[in-house]
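We have chain B; now place chain F onto it with these hints.
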Amino acid sequence: MRHSIRIAVGPVQFRIGSDWAGPVAALGHLYAGYPQDDTRPADATVRLYANRPWRRWLRPSVHIGGDYIVPDALPLPLSMGLLAAEMGMNLQVALGWRRHLLLHASAVARDDRSVILSGASGSGKSTLAALLGESGWRLMGDEFTLIDPASGDALAFPRAVSLKNEAIAEVEARVGPARLGPLLAGTPKGDIRHLIPRADAVAAMHEPVRPALLLFPQFGGAPAIERIGQGEAFVRLTEASTNYIALGEAGFAALTRLVRETPAFTIAYPDSATGMSLVEQLWALAPR
Amino acid sequence: MSAIRTLVELLAGCRNAADLAPREWDGVIAVARAEALLATLAHRIDGAALPEPVARLLADARAAADVATAQALWEAEMARRALAPAGVDFVLLKGAAYAAADLPCAPGRQIGDLDILVARDALPGAEAALITAGWEWVKEDVYDDAYYRDHMHELPPLIHKLRDRMIDVHHTIIPPTARPSPDAASMLDRAIMLPNGYKVLHPFDRMIHCAAHLFADGDLAGGLRNLWDFHCLTRDFQARGDGDSDTPEGALGYDAWLGDMRARARLWGLGPAVRRASHLSAALFENAGDYRRLSLGDRLFRARLLARDDWGRETRPFLRLAFYIRSHWLRMPPLMLARHLWTKWRKGHAAAR
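Residue numbers (the numbering used here), protein chains in the order written: chain B, 5 to 292; chain F, 111 to 463.
This list has only true hints and no planted wrong ones.
Here are the simulated DMTMM-like pairs of lysine to aspartate or glutamate, each with C-alpha atoms no more than 20 Å apart in a straight line: (1) F:309 / F:187; (2) F:271 / F:187; (3) B:193 / B:176; (4) F:271 / B:243; (5) F:454 / F:260; (6) F:457 / B:76.
Worth flagging that the hints you see were computed from the coordinates, not collected in a lab.
As the structure is a computational prediction, the values presented were derived from the model and not from experiment.
With the rest of the complex left out, here is chain F:
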C-alpha cells in the first residue's frame, strides 16, 4: 500500500499504527511532513505501541506543534491589541480559530499565517491600525497590490517587521470575482464569541469556509490537511449532537442541522463544494477507503489529494497542472483571466530580460 494511503488509514483510525512494519514509517513520515500532517498524526496515534525512533520523532512533532500553536495564538493576541483600540471587530479564521476554540482538529494542526475576517467597510481602519502597530506590505508590485485590492477577498498580505509573521485580512471567504457569493455580513453577524474573547465563525460557516477553501478556490495544494479539518469539523458537529447550544437550530438534531448548513451553502453557490467535501471526507476518513460511491468527479479530486509517492514527491503532474488551471478558472471570468495572465506573462518576460 502506498504511504499516503497508509497515512489516510492511520488518521481514519482503520489501521493500527502498531501493525506497521518499521520501514513503512519512512514513507508515512515523509508524506505526512509534505502534507503538513505529521503533528496531527502524532496526536491521532499518541499512545500507540510504536518503534522507539518513531515514538520519539512524533513526540518531537507534538512538542514543536505546541510551541507553534502558542506562537500563532500570540499573533492573534497581537492583532487584537492592534485592532481593538481602533474599534475594528474581527473574527479568527482557519487554524488560529480552531486553536482558539480548541476544536478537535486543533491538536498538532499547523498554523501558517494569521487569517482574520473583518467587515468590508472596516478594511481601511484595520489596515491603518495594523500598519501603525508595525505590520508592513510584502508585495511592492503595483499591479499585484491593485489586483488584491480590486479583485481579492483579502488585503495584500502584511508582515510584522519585528516578529516576521504574516497576517491576511479578509473581508469575505473567496475572491469576489469567483462565481459563488457567500454573504460575509451574515457570517460576521452569526460569529460566536468565545470565553477567551476571540470571535470565530458559526459552526455552519466554519464548515462552509473550509469546503470553499478546498474546492471552490485554489489548486488543492495542502488539500489533504484541509479535508482532515473538514472531517474533524463534521465530527465536532456530531459529537455535540444537539449542535451548538447558542443556536436555535441545535434543538432540531444533527441531521436537520446539517441540512440547514447545506441550505446556507447552496444559497451562496457553495452547495457543490460542501457536498464534495462531505463525500470525500467520508470516503477517506470514515468508510475505511470505500470509494465505490464516489462520482467520477470526486475520484479525480481524490486522485489529486493523494498524488504523492513514498519519498514524499509530488506525482501526477498533468492532474496537478489541470487543477492549477482550474484554480485560475474558478477565480475569475475568462476575459479577466486572459488579461491577468497576459499582464503576468509580460512582467515575467520583462523580469527575465
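Only chain B is shown next, with the shape it has when bound in the complex:
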C-alpha cells in the first residue's frame, strides 16, 4: 500500500497500510513513544483503503480491511481516518488473537496487581481507566485486557485511549495538549479524542500483572457497590470476551480461574471523581 506504519501494542505487532498519508501520520504522532522494532514480523495486518480509485480524492472515504473484516461495515470520511485505523486494529485483535483470553475491559495496575473494569460502551470504563492512569495507577489499556491462560496473569494492551464526548474535557483539564490527538468531531461514536498513555505505562506494557479486582462499572445513579458471585462474574465476562468460545477448554479454564481468584463487584457512580474514589475504596479492602 502507498503508506504504512508498524505499531506494537502489548503483545501484538500491527502493520497498518493506508491509501492516504493522513491516517498514517496521525498514528505516527500517537504512537511515536512506543517501542519500535522494524525487523519484527507483523501479527496482524490492517488496511485503510479507497473502494474505488477515484474515492482517494473525490469525497474520500476510508474502508476498513485487514486479515479479518466485518462484511458491510460502513466506511468513514477521511477526516476520521484515525478512528478507522483504531477500529481496524481492534477488529484484528478481537477476531484474530488466540494467545490470550481477550476481555473487552479496561485495566489499571498498582504494585503488580491489577483492577479490571468490564462494561458495555457508555459504562465509563475507558474514562475511569484514563483518569486513574493520571492519578498514580499504571494504565494497562482502555479497550482490551488479555488473560494469559497459562499463568492467569493480566497483560496490558495500552493503545492510545479513545476518549469520547464528556470524557474529553475531563482529561483535557489534566494533561497537556502534547499527549492528545486531534479532536474528531461528530463521528458515529460521538466526539473522539485520543490520549497518549504516560511513557511509564508504555514502557511497562510487557509486564504481566496479577488480577486483584474485577469491577463492572455503571455510569449514572447514586454511588453503590455490590459484591457479585463467581457465577455472575463468569457469565458477564463470557459476554465481554471476543474469543472465549474460540479458545475452547483453555478459555473456560482461564475464565473460571479468574473469577475464582478475583473478587468481583458492580459499582454505580454519578461522576468520575466518585467512581475513582469507589475504586480506591475497594482497592484498600482487596485481599493481598
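Chain F alone, transformed into the frame defined by chain B:
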C-alpha cells in the same frame, strides 16, 4: 517474489522457512490467513527455525485449529445423534471427513460448515430429524428456498439454534443443473466405514469431489486451500502404495488405481476437472513452480488461484469477475441462468427501494 508464491513454495517444501527474511513473513502470514491456510502452513513447517514472533503466532494458529477441529468433530457427533435414531445413513464430506479419517490434509485445515451426503430419498427424513434436534432454516426467502430444493445438490443451509453451527445436507456433490452428472448412489455405495463409526467417501470419490468442488462448481474463492487438499489426497494415495486395503483395485498399484479413479471421473463428466486439479496441484506443490507444462487454460486458473498481493488483498478484478460469471455458467443452462439472474435482480431492486 510475491508472498503468495512464497506461501506455495513453503507448502510445497521447496523453500526453507528458515531462509525467509523476517519481514517477508508479513505478507506470507497475511495471504495465508486470507486463503485459510495459516494453520496448515503452521503444521507444514512445524519445527523450522523461525523468528520468535512467527514461531509463536504459528503455535497459536495450530492450537486454535486443534480447538476448531474438535468443535467440528463434535458437530459431526451431534449430527450422528440426530440422524442415527431416524435411520438416516450419512457420509461426512470435505473438512469433517478429512479430520474424522485423519488424512494428511487434516492437521490445521480450517473446517467451516458440516457437510454431509445422504441418499436423495432420505432427504425428507434427514431434514425432519435435524429440525427436531434443533437446527433451523437460515434462508427465509421463498425463492431461495425453492431454488435450493429444485435445483441444488443440497438442502437450504440449516443452523443449530443453540450452537450456531451450520450443516449442509447434500444429496449429490454438484448442482444437478450443471452438466457433469456424478452418481451419488454409487458414491454412497462405496463409502468407507471408519473405525470411529463415521462414513467417508471412497478415496476415489474424495479426489473427484475435491476436484469437482474446485473446477466444476464455484468461482475458485478459497481455491488454493482446496488445491492443497487435492494435493494431499493424491499423496495419501501414493503413500499407501497399494491403495486401500479394502478395495480390490488396491492390488493393481498406484498408477492403475489412479487410472481407475480417472475413468470413474470421466464417466460422470468430471474428467476435465480431475485432470486440471492434477496438473495444477503438481505444478504448484510438486514441481517447484515449474509451470512450463501447463496449458493456456491451466495458466488462467493458476493466475486466479494466486490473485493476491502482499497485503492479502484480492488482485486481478477482471479475472475474478470472469471466474464468477463462469461459476454461474457452470451451474445452470443459459435460459435458466437468465431467469435466475432476472429474479435476483428484481429482488435486489425491490430491496433497494
